[in-house]
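Colleague: This is what each chain is made of:
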Amino acid sequence: MSPNSIQAAIDTLSSEFDLFDDVMDKYEYIIELGKGLKPMDDQYKKPEYKVQGCQSQIWLHPYVKKGKLYFEATGDALIAKGLVDILIRIYSGRSAKEILESDTSMLKSLHLSEIISSGRQNGIASMLKRIYGFAKETSASQTAITDLAKEQT
Amino acid sequence: MYKEPFPFFQNSDIIYLDNAATTQKPQVVLDAINDYYTLFCSNTHRGSHELGNRATQEYEAARKSISSFIGAEANELIFTRGTTESINLLASSYVKEHFDTVIISELEHHSNIVPWQLHELHLVVVPVNEELNIDLNVYECILQEHPKSFISLTHVSNAFGIVNPLNSLISLAHQYGCEVLIDGAQALAHLSIDVKKMDADFYAVSAHKAYGPTGVGALYGKYALLEKMNPYQGGGSMIDDVSFEYSTYLDPPWRFEAGTQAIAQVLGFKAALEFIRTIEGLEAHNAKLLEYAKAQLLKIEGVQLYTYANNVSGNISFNIKGIHHDDIGILLSKQNIMLRTGHHCAMPIMKKLSIEGTIRLSFAIYNTQEEIDICLEALQKAIRILR
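Chains as they are written, first to last, in my numbering: chain A, 1 to 153; chain B, 1 to 387.
Next up, chain B with everything else stripped away, as it sits in the complex (with noise of 0.2 Å):
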């Protein structure tokens, strides 16, 4: 039903269910970066003429529609290339100088591990229980032993689509004196985010993911947090005042956007979220399939679900026992249909599981209960092939 706005669909008949990786674009998407380069192409923040400060006017319009769209105020959201920048950049120009033990749960994205292990901070790992959720009151504990940490945990696991419980994970972890970042890479796409609701630190997320550009992400953060923060980046743009002995910078948010940053692909960010913004039942949608996906799962001899719990958002992960989830990969891609397939980079969990990885399908919401269908169809004819 929701095919027609994409381009790539026009093109290719394949049936794409790698959607956590990323997603397909819609032509808003195009038409807003097309736009850019075509009728204003012109730098921002700098110098007077008219056709910059158009280039300004819409720049700083996006910030203003994409920080409303998670709830959050526009000099709240910082522009990055992804969630992966904002969490390296939170790293650097924070918590690095704020705090000497960060801890994340065992469901974590890679990027939510390297960035503090870069800057030598001391991690604690959070475990999950069997059906790969917090358990409350194990993560009560951790709180106890280490007040007044840094807190970094995932919206919803790209891995296998469990959706954290935000609300109670970072009001106990403000009673034991932590703040929280909360990466919402594979939240944007499929949840409605309220940053103030759920009374969150810093957020992080990415274009890519939720229908937009690549290369171009944010980190939401209290006003009064970023103002404590240092500049990530030096360069223009983000100064006040430049001598060769000291330099001055400019108030958050600017002050960590050096250099030109991703015009196009910001304006293009808006546009896949105003895109969001227009589809009716989204959450419906998703959890339709997912539910269709698992029972539809479950009658294929053999298969190994990772994920039996209700809170689960966007993607599903299992296994043929027997079978190399690679094997299966490749037998599905040469059958047209496009997934994920090994440890999604996330490596920690799939050891705690004792497998090398999984098969991955994640939805957008151009996906259909046909689509997965033909996939488990496909899939059917590899596992009689490799059995």
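Just chain A, with the same shape it has in the complex (with noise of 0.2 Å):
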């Protein structure tokens, strides 16, 4: 396993919540990635960006850098703050292909429920589903710019 890969980072991640042995000191401690979350420009708190879930308010923005993509975020409620945060942590920087590649299945280990229940009110579940969408989405078009490069040639 690379010491880069998705796989790496969620460990790193899981290692430092073993650390808490009272899940309301493992909370306290997203509170605190979620108050400590890299503000979004808020020219992009706008409809399009907002990730549905009602519970509370979360503004997705991905693009694209060098073939790269990465995710910044922003939302109403530090909670779900920091676990944006985590999720930025293990997907933000990384190829269409390496995100693709990678099952979320990955993310229990991380023990965090409201990561793992996808129910249709989990805005942190949709955030996950957004992340993937993006990826294929670039994906698609960078294979179709390759192609293209192709028959230029």
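Hints were generated in silico from the structure; no laboratory data involved. Accuracy of the hints is not assured; some may be wrong.
Stated by the list, open to error - DSS-like cross-link-like pairs, simulated, lysine-lysine; straight-line CA separation at most 30 Å:
#	chain 1	residue 1	chain 2	residue 2
1	A	35	B	64
2	A	129	B	351
3	A	46	B	321
4	A	50	B	351
5	A	68	A	45
6	A	68	A	97
7	A	38	B	294
8	A	26	B	321
9	A	38	B	351
10	A	46	B	352
11	A	129	B	334
12	B	351	A	46
13	A	45	A	97
14	B	352	A	50
15	A	97	A	38
16	A	108	B	334
17	A	35	B	352
18	B	381	A	35
19	B	294	B	228
As the list claims (entries may be wrong) - Ranges between beta-carbon positions, derived for each pair:
#	chain 1	residue 1	chain 2	residue 2	range
20	B	100	A	101	49 to 59 Å
21	B	147	A	35	49 to 59 Å
22	B	110	A	150	48 to 58 Å
23	A	76	B	73	46 to 56 Å
24	A	22	B	171	49 to 59 Å
25	B	4	A	139	53 to 63 Å
26	A	67	B	300	47 to 57 Å
27	A	150	B	123	50 to 60 Å
28	A	12	B	192	57 to 67 Å
29	A	5	B	4	45 to 55 Å
30	B	100	A	14	37 to 47 Å
31	B	374	A	11	28 to 38 Å
32	B	237	A	101	31 to 41 Å
Unchecked claim - Footprint (simulated), chain B over chain A, 3 or more residues, beta carbon under 8 Å:
#	region
33	26-37
34	55-61
35	69-83
These numbers come from a predicted model, not from an experiment. Using N, Cα and C, we set each Cβ at its ideal position, and we do this for glycine too.
Hey, can you piece these two chains together into the complex? The hints should help.
Modeller: Set out below in structure tokens:
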């Protein structure tokens, strides 16, 4: 396993979480992550960037830079922001291929019911879907560009 | 004091304060369901064998018992899947044909908004004042403007516990030639209901919010009105005669019960209401918990209560200044306390109050003052972490 892989990022986080005996300490840590979430440019706080999920509001702005996928996000509740921060740590700065080859079941080792449960009211699950959806779109358009380049040569 | 009849609490030490969403079920309800499946499982209103007759008798006895619980006659009670289906049935089988306008209040649950929209009925909304009450003068002005409309109002607000003054609201409505449906989903477990005394034209309930099973409820309607209504769904058990050219239907209430009904749930529903009948001081217990919770909540810094009035039943809604309700909900759940946070399926009133949602404590007979203390201690801990 590469030290920079998605699995490695998840393992690092889950070993951090394992240090907490008390579930409240774990959530206190997630809240701290939420408070420290890198601010997102306000121009992306628009309906098209809003992630569906009825418990709290989350906005996610995905973009591509030098072939890699990046995510920035914000929300109005601290725990949701903390969970968003965790997903950004895992998925931001990776290639579409790497994301698409990873299975979301890997996230189970984090033992965070808010991420695992896939209810329609779970904004975090919707955010995860958005991340994979963006990876799929990007992968398709990157393939199209490569095909076009091949045709032109 | 009332935890013993509920097997859930023998299996769990959870503090359950989400009773407005659904209540736990007593053993007598589970027994009623089990008895049907293990002793006389058979379809109702079909054939003439002994077992089927027994199931039919039990089912119709449940109709009699449940209707009498709300002061109605047996033939005025239609079984449905719950309050939501009751409202949808009425919209589809009656209101869309006889009315253009439906008057509702700002406090309504989505299930008393969306069914009318689905049938493209014109909605007129009665505003509530700062204390979340309907102002009778404002209400009467709306009736003057829209006489002979259909009116659909909640008995008890699911998001804020406000109890509407039904006697005045219904009698005023009748003075202006309107007909009235009352959404009783949040009232059945807490208040004594007499549909005749309040003179409601229709009244809708769900079993599961009153210690009964999920997936069953009822619609009461004055018999003369039920007779005017079209069938809701077609199928077995609702017909008088069928040919390929033409079918005729049974009289109410069977006209509205197509297909095999939720027999076990209906029997469980009856057992739940019989269980409620055995509880002494139900309303006093409820009022005591509400008063206590309100007084204790007001001691917490930054608490914003939404219901200061006295006409409140079953639940209390609040927020903590500067903290998102969802964060509180998650941290309380991690401390073994289950309650609801969010918009409580009443988005329009949340928008009016300029909030995304609230934290709601909703009570049942098994809740205690001690549980409220534990809940509020856990709340203080959550606030400390979040601030």
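Colleague: Tell me the numbers of any earlier hints that the structure contravenes, in ascending order.
Modeller: 1, 7, 19, 30, 32
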